[in-house]
Amino acid sequence: MPFTIKVNGMPHSVDVDGDMPLLWVLRDLLGMTGTKFGCGMALCGACTVHIDGQPVRSCITTIDSVDASAITTIEAVGRTPAGRAVQKAWLDLEVPQCGYCQSGQIMSASALIADNPHPTDADIDAAMAGNVCRCGTYVRIREGIKQAAAANTNRKAG
Amino acid sequence: MSQQLIDHPAPESPSRRDVLKVGLGTGGALFVVFGIPSIAKHFQQDANAASIVTEAKTAPFAPNAFIRIERSGGITLTMPMVEMGQGVYTSMALLLAEELEVGLDQVKLEHAPPNDALYANAILHRQLTGMSSSIRAFWMPLRQAGAVARTLLIAAAAKQWGIDPAVCSAKHGVVSAGSRQLSYGQLVDVAAALPVPTPDSLALKDPKDFTLIGTPAKRLDTPDKINGRAEFGIDTKQPGMKVAAIAISPVFGGKPKSLDAAAARAVNSVRQVVRIDEAVAVVADHMWAAKKGLEAAAIQWDDGPNAKVSAADIVRQLEEASKQPGVVARNEGDTGKALASAAQRLEAVYQLPFLAHATMEPMNCTVHLREDACDIWVGTQAPTLTQTVIAQLTGLPKDAVKIHNHLLGGGFGRRLDVDGTVLAVKIAQQMDGPVKVVWSREEDIQHDMYRPYYYDRLSAGLDAEGMPVAWTHRTSGSSVMARYDPPLFKNGLDPDAVSGAAEPPYAFPNIHVDYVRVEPPGIPTALWRGVGPTHNVFVVESFIDELAHAAKHDPVAYRKTLLAHNPRALAVLTLAAEKAGWGRPLASRRGRGVSVQSAFGSYLAQVAEVEVAADGSLKVHRIVCAVDCGMVVNPDTIEAQVQGGTFFGLTAALYGAITLKNGRVEQGNFDTYRPLRVDEAPVVETHLVKSSEFPGGLGEAPTAAVSPAVTNAIFAATAKRIRTLPIDTNLLKSAG
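Chains as they are written, first to last, in this note's numbering: chain R, 1 to 158; chain W, 1 to 736.
Just so you know, these hints were derived from the structure itself, not from any lab.
Some hints here could point you the wrong way.
[Said to hold, decoys possible] Below, in silico cross-link-like pairs of lysine to aspartate or glutamate (DMTMM-like), each with a Cα-Cα straight-line distance of 20 Å or less:
no.	chain 1	residue 1	chain 2	residue 2
1	W	Lys255	W	Asp105
2	R	Lys88	W	Asp419
3	W	Lys218	R	Asp92
4	R	Lys146	W	Asp419
5	W	Lys619	R	Asp92
[Unchecked claim] Away from chain W, derived, C-beta distances all over 10 Å, residues of chain R:
no.	residue
6	Asp67
7	Asp115
8	Asn116
Predicted model only: the values in this text are computed from it and were never measured.
We treat Cβ as the ideally placed atom computed from N, Cα and C, and that holds for glycine.
One chain only, chain R, in its complex shape (with noise of 0.2 Å):
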């Protein structure tokens, strides 16, 4: 089945099985592969891309679902304000150690940031509980957090 999908801004066609997941189209027929394969169950986060600006696990979304929305992956999330604040943060805080998981928390965390401007930490805890990183880099994915969204705060007032 014909499927057109508009991923960072670019329309992108395929001939799939409308029930294939979004991960495997973008890793494994765009050759996108900055979007992780971790679980393949919505349980580690690892899969994550913003759909309309929303996180979804890629790994569950499938390719008949998605329609015209605004996919957007790690390769291209530092063209949103959100999403560069959160690299920088990441950056300056050296987050990742492995980094196979990064480009999911860094999804997710710029969804956050994006929607909630000043999140608690209660907030991250909400919106950063179904990203999983075996390395063990929670406490600076949350100094990371409230960096990014200070300074994209900051942005916002300026």
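Starting from the structure of chain R, add chain W where the hints point.
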């Protein structure tokens, strides 16, 4: 000069102007219709620009296997150990750059090819990354390699200027003498013609002159880890590559009995069904088709001899075996006599479960096997072992087996073993063209090689003042070393199984430690982050806490008395206790617990603060960690490793257990094999003891230290002693 590992543009949308169409032809074949560039070309470009090059390249100046300098001034550093999150690519680069007199902003990195002669870790005697040994093993060799190159570049400049090298100096890639300057790039041809001095003949920099080592450095791998560019093994793209999903016999030692290959092949985009001894793989154009094909195959298994294995049987077997004396790891004094005359005697049994590694990057391996060569794209902690095993499997000479190593999406010991690569090559043997074999999370957890189950018996005798006069510790479990590194398994003793037990930090006048090897049926065992100490430090630090309690002493004061001879251990304990506010009153059902360890050449003390609710639920609020790891290479990484190592150990203490029923691992994904999540992560404080001692390892130390700190804190809060991990919160319910 780029400081990035990868210098190709981010793989955004492959086509810039045109719509890319990837579709299925009538025969199920993948076809590609597009504008420019083609998807194949895009993949090709990515492959060519691969992040960190594995094949050694030539350069005008390459005085050793770690440093290459181009005429353009480009500097490439070859990393002998692999980056799996522990920051080793930055710390190794710091060691080289410090003596080479260049900045980290001037260097590019590459993965080392497999070569034990050039890149063996001196502690592990092979090119292995593990046991927190990288800095200890390479502290001298990499500094010496940098010093050799710097000496030659200075000599080259001095020769060109006709002056004494002693009046020349090097800094940031430039040799100077007075107002004269030559960049390293300008010197490479002259330097390359000079005789290379032996590393031992050169004086290394005095640590007081270090400008890089010991100063927080930005990690060289971070920029690519925040934008999707970092390339892990699973991200490999090769022209014509297919993707395979794999189902391995759910019971270890079983094999496929029957399957519906036609049904698998009927799935769109499925190309081939491959059956090997212990597994079935379905090969397709993409992972989704491969997964659906695997389901359609409806594989029936012959479970083989381990069909009835259960966790309870394994524990019973261990319990029984541990009643008999084992191979003696240490015996000083006469524990029997001391126990007999002790004023007070204690006995306890401690148990630790099988554990999976559950790296975030599931197991995967890409193979292109031809008649005369085999290319392997993988992230491995053991590149030379991989090459050797695959050469044996394929009958190819070692040189024909090329290992393209990658960043590892977590290692934790899982990628010391090469079972995943062996399976991928067996699949490739039945195929034409490259294939990427990707394990599902369930395959990854159910076909791991596991941290052994350990069953430990301890006894101690106390004198009238409550101080220990005898200590016995018998550990029983699988020997990982007998399988993984047989020369280390001597006279029936596995040094890993008793690591942290045979040499506790405390002074005991009489001590007896022995090991009973028990190989459980139907479950392979392996090294796991923290190795021996992760098991033994929990046991030793819990039991010493029991002794302190029995003696009615404060746990910190009791340990301090026993550490009078061990100043570094005493110092970290004192610091951790002070920073944690040890002794300050806490609310009801809150408690603090402490642990101390000497392992991996480093000293660590942790204080955990926990709260146990009336329903038994446990909240770890805070972990304070004091560290003496000798001279520090990158302080920022120390803090990161303390946080990460602590959470890895805490995850296991709270949730980690792999169990078997009817030969099958009962856990499958992150719902049943729970990881710690951000909302459960306590505050972690790191306090460094300034030290000029030889550097110690730190990647695993906090993993070992944290579990007893937490269970001792639970005891302080509830008076309930946890002797079996993971912590069963049902035992912590308040009686009222």
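Query - Hints breached by this structure - result: 1, 2, 4 and 5
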